[in-house]
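With chain A's structure known, arrange chain B on it following the hints.
Protein chains: 2
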Amino acid sequence: MNDQPTLDQLSINTLRFLAADAVQKAKSGHPGTPMGAAPLAYTLWQRFLKHNPRNPAWPDRDRFVLSPGHASMLLYGLLHLTGYDLPLEELRSFRQWGSKTPGHPEYGETPGVEMTTGPLGQGFAHAVGMAVAERWLAEHYNRPGHAIIDHHTYALVSDGDLQEGVASEAASLAGTLKLGKLIFLYDDNDIQIEGSTDLAFAENVARRFDAYGWQVLGPIDGNDLGAVEAAIRQAQADAARPSLIVCKTVIGFGSPEQGTAKVHGEPLGDASLRAAKGVLDWPLEPAFYVPDVVKAHMGQAVARGRIAEEDWQEQFAAYAAAYPDEAAELVGQLRGDLPADWDAGLVDLFPAGTPLMASRESSGKVLNALVQRVHALTGGSADLAPSTKTHLAGYGDFGWDEYCGHNMHFGVREHAMGAIVNGMALHGGLIPYSATFLQFADYMRPPMRLAALMGIRALYVFTHDSIGLGEDGPTHQPVEHLLSLRAIPNLTVIRPADARETAEAWRAALLNRGGPTALIFSRQALPLLSDDDGQQAKGLQRGAYILWQSGASQPQVILIGSGSETQFALAAGKQLATGGVSVRVVSMPSWELFDRQPAEYRESVLPTEVRARVAVEAALKLGWERYVGLDGAVVGMDGFGASAPANVLYEKFGITAEAVAAAARKLIAQE
Amino acid sequence: MNDQPTLDQLSINTLRFLAADAVQKAKSGHPGTPMGAAPLAYTLWQRFLKHNPRNPAWPDRDRFVLSPGHASMLLYGLLHLTGYDLPLEELRSFRQWGSKTPGHPEYGETPGVEMTTGPLGQGFAHAVGMAVAERWLAEHYNRPGHAIIDHHTYALVSDGDLQEGVASEAASLAGTLKLGKLIFLYDDNDIQIEGSTDLAFAENVARRFDAYGWQVLGPIDGNDLGAVEAAIRQAQADAARPSLIVCKTVIGFGSPEQGTAKVHGEPLGDASLRAAKGVLDWPLEPAFYVPDVVKAHMGQAVARGRIAEEDWQEQFAAYAAAYPDEAAELVGQLRGDLPADWDAGLVDLFPAGTPLMASRESSGKVLNALVQRVHALTGGSADLAPSTKTHLAGYGDFGWDEYCGHNMHFGVREHAMGAIVNGMALHGGLIPYSATFLQFADYMRPPMRLAALMGIRALYVFTHDSIGLGEDGPTHQPVEHLLSLRAIPNLTVIRPADARETAEAWRAALLNRGGPTALIFSRQALPLLSDDDGQQAKGLQRGAYILWQSGASQPQVILIGSGSETQFALAAGKQLATGGVSVRVVSMPSWELFDRQPAEYRESVLPTEVRARVAVEAALKLGWERYVGLDGAVVGMDGFGASAPANVLYEKFGITAEAVAAAARKLIAQE
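Quick note, the sequences are listed as chains A and B, same order. Plus 9 on top of the position in the first sequence (first one is 1) and you've got our numbering. Plus 9 on top of the position in the second sequence (first one is 1) and you've got our numbering.
This is chain A alone, in the form it adopts within the complex (with noise of 0.2 Å):
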């Protein structure tokens, strides 16, 4: 193959050299797979990828997705040499602080990447979630002679990606769905870092994804590019399976250690690197060589991406003029916009004398007001939607029958139902959410992380948050969970103590475009706790606000609920003004919200003076600190729950009005 190097050929080895080049620069990172998937990438981008260069954010371009984020150097060099913004010195500076080519590839951090990957199996099933969101965008929007949202959605995927479960989580579903535009290529090299694959993955991927419903090809030669191009226009022909392309390939080809976990993640080494070169017929010198046809050819992507989208915007403008009104909607959705007057008659759908009512209740109530407006809103559960209450009423199922369909039914599969509402969000135009009890919320903590670290706009429902689910017992009851997601860096807990606030909470999940909110809400019936039509609940906003307070003057002791058990604080300190303590009761459903607040606003909800202060929360006590310091008190729990009937777990567990009181009482006595 190498003994009349062509132009492609030599495309391909100025992908391989530039990723060994830089690894070696960096002396750190994973040359092994850029050097072996390089045809196969080569191809799919030459051949086939529908995108413009120049403008990354192009709505109807293809999606790429490398799976296997640590061979981040061969998008680099794809992204390089198709002329985006990433010059050649940035390739020079992998890894290093500020260049805009970190270890893995970062969304948001380098032009055309189109998410972030790493940990391994979140790349396929993103990429799931982005075939959906095109699937539903396209149902909803195009119309006979005007296919305006029509692209697919490729994926390298990589031995290691096709071990996780989410990854099988995400094939199945996108077997049972349908999504013919999926197009996967997997990089079957039978290397993983602790040797042979057989050592642990014995099975027959074929006729495993045969099973899932997906149209299987190969195993083909991945050095093979006539091969590569037949396989992935056969997967485009079926338009009715996802596919996968079983690629054979060699893990860093070229080098003297090729086929060997040797090569997978650390430098070559300037001896092998010499060889490989060598052996492929690439000048020693300089590194990072870029020969002048090959930047010429692979740089004709510009034109053709121009070109590409040019049509595409001419084709818009026909659509816009024969659909004025779905073209406004869809270029608003695209662009993650909220229409105007979105969040109109919220505040009125809890007017006082509204029941006791439970927060996912309440949040059913709000999500299928809202959906009447936003029109983006779409999501679903892992199976669970009669009891998290998130089933939109009237806006049909998405699925091979109805691809118009608001809710998703992603099955017992919480780890891809996160990372294809991630992949959702990624695509642009939805505004997905999932739901679950959030117990399961460490079923899908990976996906969560990525959305935080990526800034995006994923809303992650929880409901049965506590011991108040009651009988379903430890196994289901959440205790350290509320800690565990506040822990996550940019990701907003919001955790409403009534109904009222659950609204609230929806509007603050919505505008929050910057990153991902998770949602928790009670399984339990819970009162409202405003008397003023909702207008207080609008502190939610602000993360915590003064919910009543027994006077005007500093409060001698302030007490902090969230959630379910505000109510508890409430009560408790009517009880304890009553006995003539000065109390103030403070609503915190969200710590992220109320960290963001300026110093004034949070001193002027919990002054620094007063440190007699109680938290309570049917959770893990510990993180509470952060409020209530060393001379506080919380009431909370601090282990596992039990199986019993909600209202005699928290009088076991001691989460009452009265053990509030108590506490608050005791540290007032103590100052």
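These are computed hints drawn from the structure, not numbers from a lab. Any given hint might turn out to be false.
Computed list of lysine-lysine pairs in BS3-like fashion (alpha-carbon distance at most 27 Å, straight line) [as the list claims (entries may be wrong)]:
1. 374(A) with 271(B)
2. 36(B) with 661(A)
3. 257(B) with 187(B)
4. 661(A) with 675(B)
5. 34(B) with 271(B)
6. 187(A) with 36(B)
7. 34(B) with 661(A)
8. 547(A) with 583(A)
Listed next, with one range per pair, are the computed distances between beta-carbon atoms [said to hold, decoys possible]:
9. 661(A) with 246(B): 48 to 54 Å
10. 202(B) with 349(A): 54 to 60 Å
11. 680(B) with 616(A): 17 to 23 Å
12. 304(A) with 661(B): 32 to 38 Å
13. 660(B) with 97(A): 43 to 49 Å
14. 98(A) with 363(B): 57 to 63 Å
15. 675(A) with 607(B): 52 to 58 Å
16. 363(B) with 66(A): 53 to 59 Å
17. 618(B) with 542(A): 48 to 54 Å
18. 604(A) with 661(B): 20 to 26 Å
Where chain A lies over chain B, by a calculated footprint (3+ residues, C-beta under 8 Å) [said to hold, decoys possible]:
19. 109 to 119
20. 484 to 494
Glycine included, each C-beta is placed from N, C-alpha and C at the ideal position.
Only chain B this time, still in chain A's reference frame:
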């Protein structure tokens, strides 16, 4: 089938209505699966299961796992009827405070419950670990003519279990490992909570498991006991493949709403319950009815079990006579004992003059020293052994050609790894460990939480524990993971500061029999912090200890560090002391161990009146308020990391000895 009620049918209907009555009485629970799957469970328990109800701890019993834990009443019925110490009164107290019949089965709460289930997929994956342990022990200890360890591992698994990624991961590995004594009955009832499984689960499950290398049997009619029996025999006959028996069942069998999601998760209601009893010729009263013939019939399990164990005891006596050393060692392992002098020499591994060494590196040395004496120590990594340094040199690879190997290769399957390690611990006879990067702890939280809830000795090694891993960047740099692990009740988290503390951390982990331990190690090299030949590092067993102080008087300021940043606290302390400040440096490798100490000890380390406290950790500041309060300071991270060499990151994020000293000076100045 019900025209001629046989003893079998009477028994099955007893199981069905014990469940339906209990759910009805509790006003909460899941009648559908017990009613549908009762024939499967009955056939297995009555005709196959090797167990001794009067000794649930018999080591060579078959293991049975109810993966859909919400069907708990099916298991409670079986345990009651086969003679376990679970009186009918307990079934009447289903889901009530203090009963032995919690909403989901809980290990340690109810005799005969092999593990806690409820979160779907976990039972499936834990059972794989039990089968691993059986195979390992059999290979190590059985001798020709002495099959001392020789039992099956059975599980009932549901649609939901099979949708979860953790089950996919475990299934693939079980196939690779050819665990022929693993037999799963798949309760294939076509229904999940949101409706038909077609909504989200159109895959061909049988073909998928075939692809994993399983023997797939059926589909059979789950109500046809003969078919179930024949399939189990066929499963037993294949020694080289795990078996999945696909059993078509009808959820809520007998109820008017049978075969619908309606019967899944709530009481049938009076009318339907009466109707079901009518359909199945069951007396309407009394509730919890157990016919005497059923009692006698299923109660035969007691005699069968006694004889089975007596036979085994005889066999074991013969084995012990022939192989006294092996027998003694096996008995000790099964008891979970540590051998005499198991920790001898650990303290000498790192004498004065030990070079700079990453704690992952010193951990590898400790682990390899320990396995010489602690034969039960067995584990492995999710394809990161070369990086986590967890390979046991010379101890073989557990796999199809060598089942006595101590090294497990889990593949890139962190979630199943956690579950399998737990299953190994639950089986008994092994002290299992897992290993991956701390970042990927997020993938395995559900099994870690279960281990903590169950109180089992599972060890989780996490390396690459901070920005100190450098160039791999924020996708791989944990910042919130320490706190989110510390948040899990009964999980002990230990982050040692140097090689000696690392040895002590392993000691603490092995000594902790009441729960799991997470061992947190650095990628980067660390100096020895003590200069006394390792006596001081024993302070680790108390969680935190005074590492150094400038004088005998009450300190003006206390500096607290964990792991790789303790060196910064120490350097800052010496710097401050040089400037005349009275300072104490506390090494705090484990919050949990420290919090378990008597108040006097805690006060002696962190005196209440010293409020100038600075904590330093290359992780989120959040949480350290527990020890530094509202008046202290934390030197740590506020958000995600970045991709650059480690030393650059420590500087850029301001986590240095200088920053610690500056924070201390500021606090002192404020006082």
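Results of checking the hints against the structure:
{"no.": "1", "hint": "374(A) with 271(B)", "in the structure": "22 Å, holds"}
{"no.": "2", "hint": "36(B) with 661(A)", "in the structure": "20 Å, holds"}
{"no.": "3", "hint": "257(B) with 187(B)", "in the structure": "26 Å, holds"}
{"no.": "4", "hint": "661(A) with 675(B)", "in the structure": "44 Å, violated"}
{"no.": "5", "hint": "34(B) with 271(B)", "in the structure": "18 Å, holds"}
{"no.": "6", "hint": "187(A) with 36(B)", "in the structure": "40 Å, violated"}
{"no.": "7", "hint": "34(B) with 661(A)", "in the structure": "21 Å, holds"}
{"no.": "8", "hint": "547(A) with 583(A)", "in the structure": "22 Å, holds"}
{"no.": "9", "hint": "661(A) with 246(B): 48 to 54 Å", "in the structure": "50 Å, holds"}
{"no.": "10", "hint": "202(B) with 349(A): 54 to 60 Å", "in the structure": "37 Å, violated"}
{"no.": "11", "hint": "680(B) with 616(A): 17 to 23 Å", "in the structure": "20 Å, holds"}
{"no.": "12", "hint": "304(A) with 661(B): 32 to 38 Å", "in the structure": "34 Å, holds"}
{"no.": "13", "hint": "660(B) with 97(A): 43 to 49 Å", "in the structure": "27 Å, violated"}
{"no.": "14", "hint": "98(A) with 363(B): 57 to 63 Å", "in the structure": "42 Å, violated"}
{"no.": "15", "hint": "675(A) with 607(B): 52 to 58 Å", "in the structure": "21 Å, violated"}
{"no.": "16", "hint": "363(B) with 66(A): 53 to 59 Å", "in the structure": "54 Å, holds"}
{"no.": "17", "hint": "618(B) with 542(A): 48 to 54 Å", "in the structure": "49 Å, holds"}
{"no.": "18", "hint": "604(A) with 661(B): 20 to 26 Å", "in the structure": "22 Å, holds"}
{"no.": "19", "hint": "109 to 119", "in the structure": "holds (count 4)"}
{"no.": "20", "hint": "484 to 494", "in the structure": "holds (count 6)"}
When held up to the earlier numbered hints, the structure conflicts with 4, 6, 10, 13, 14, 15 and fits the remainder.
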